[in-house]
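Protein chains: 2
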Amino acid sequence: MKAGVVDDAGRPLSAVSLPTEAHRGQEFGLERMCETIRQAVTAAGLQLSDIAAIGVATPGLMDIPGGMILDPPNLRPWKNVPVRDHVYRVFGIPTAFQNDANAAAMGEYWAGAGKEVASMALFTLGTGVGGGIVIEGKVLEGRHSHGAELGHTKIEMTRPRQCGCGRFGCLEAYASATAVVKRAHEALNEIPGPSTLRDLLQRFGELTARDVFQAAANGDELAARLVEETAYYLAIGAMNVMHTIDPDMVVFGGGMTAAGEPFLQRIRAHVRELAFPVPAENTEIRYAQLGTDAGFIGAAACGRQLVVKNV
Amino acid sequence: MKAGVVDDAGRPLSAVSLPTEAHRGQEFGLERMCETIRQAVTAAGLQLSDIAAIGVATPGLMDIPGGMILDPPNLRPWKNVPVRDHVYRVFGIPTAFQNDANAAAMGEYWAGAGKEVASMALFTLGTGVGGGIVIEGKVLEGRHSHGAELGHTKIEMTRPRQCGCGRFGCLEAYASATAVVKRAHEALNEIPGPSTLRDLLQRFGELTARDVFQAAANGDELAARLVEETAYYLAIGAMNVMHTIDPDMVVFGGGMTAAGEPFLQRIRAHVRELAFPVPAENTEIRYAQLGTDAGFIGAAACGRQLVVKNV
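As they're listed, the protein sequences go chains A and B. Sequence positions in the first sequence follow the working numbering and run 1 to 311. Sequence positions in the second sequence follow the working numbering and run 1 to 311.
If you're looking for bench data, these hints aren't it; they were derived computationally from the structure. The hints are all genuine.
Since copy identity is lost for identical chains, a pair holds within one copy or between any two.
Straight-line distance between alpha carbons at most 27 Å, and here's what the computed BS3-like set of lysine-lysine pairs gives:
id: 1; residue 1: K115; residue 2: K2
id: 2; residue 1: K138; residue 2: K115
id: 3; residue 1: K2; residue 2: K138
id: 4; residue 1: K138; residue 2: K309
id: 5; residue 1: K115; residue 2: K309
id: 6; residue 1: K2; residue 2: K79
Starting from the given sequences, assemble the full structure and let the hints guide the process.
Listed below in structure tokens is the structure:
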């Protein structure tokens, strides 16, 4: 769990991480959450009375307006946890609750890559592909708290890859870090011949997405093809969200952005080919700027919206 | 061109259609537009002084906030036509401008299938697949007037059909009436044996989507397969918009809804299988209710938003 104090301009004044220790149950987890908040306040040299609002963001199936985690995949056996009300009861400070990818989008919108624009879609590229959409200062939460599940839009029917979610043909099944590694293994099995990736696999017994991007940067042909395909898949994701909500900006965040500017350029090039000319030319495609702080900065923005008129 | 007078509850008091005669150019076209409006007012037994606001909706590439048609595919050689300002100058009545599919969505949202909900996505199924999204009373126009181009989201990579827009793998290339007919021809070429569709084709020299749906309703196996596949494609479109904006309701309108309740049931069944459990169970999937009046009713709603606080 990570918490930070954020000032009125979206700048973090502190950042504290504590282990969730999910196996110790949700009572413990909620107290740990509150303790992380307390430590973040102390680390910023402040007191709780200095805090205007709190924002909490978590992954998993949730009821955002209800402030509840319903069934978090990584926090079993947590179930129907009234996070927002608990935190509010403990601190007596207005508390907002948000999905973690939505919060990251809100963070980038408020203080990061999307600072200057009115609407933005974020793809977070990690073990999965998360999504968040902000339009005119509002997180697109959706009617059933399923807004911006962008990794789980379907982009393939004929030979769909199975996704971690169990469904088939999801963007995430093609473009997550997990998918990159899986596709690398497949390619090594299908295509004989020398490859940095084959050497790495033999030496370390496993591959990471980072290995693939690094090998590509160093000129490995097979790795370069995998990276190029990944850029294409992500461009399809970008194009589909552009042809649905047509935002000012599409932002890519998460670990895979370590691949740097060349990867972003390939995504941009594919978006130009794939999308309608006007959005293709005019929609800004950027990397996120706030790193792993985006979540708590965006959660803070959501909290701030409870107590000020505009974020 | 169709125009109607609409009362404060979204009920049409008149409806008038005049031929566009696009070949006579945009000057003529704009005057014809104004004449259609005048006749609609007369047909409602009213005078122009009774009209609080005007809404105009057109197809094609446009600048919605600028009130301009930029490059309408069916109205060449029209180009950069300041529709909204022209209509406002002629009548001196507050005038709104909107994309036609967006207007249809707004019509259904205000006075049709979506009357009771807060957010809605509309797919219009005709020669193409159009789209419109309304969230909390606002049309999702998008930053570049390309919001809700739902027919042009990509759902296939491996063997993508070419779309009328020139791109590949668009939903429209699978699920429009045009696509249904094309897929029928392909199926007849690939699959030998008796079929109502083959008989119809031989008798009339052509097939329509209506033929396919009717043959399916009458038990033709090949036609039934085509209809079932179409329901599946549309369910993918619905699921992708559900996982992006997560609306209260997804509405299907346009000529193909003549296929009736069984077709809608098949779309619903596929949505249940495809989408995440919570939106799959709870998102309402409906047919549009306003027919071809949806466009002018929704345009009127957009006009009305200029002069009242809430629609």
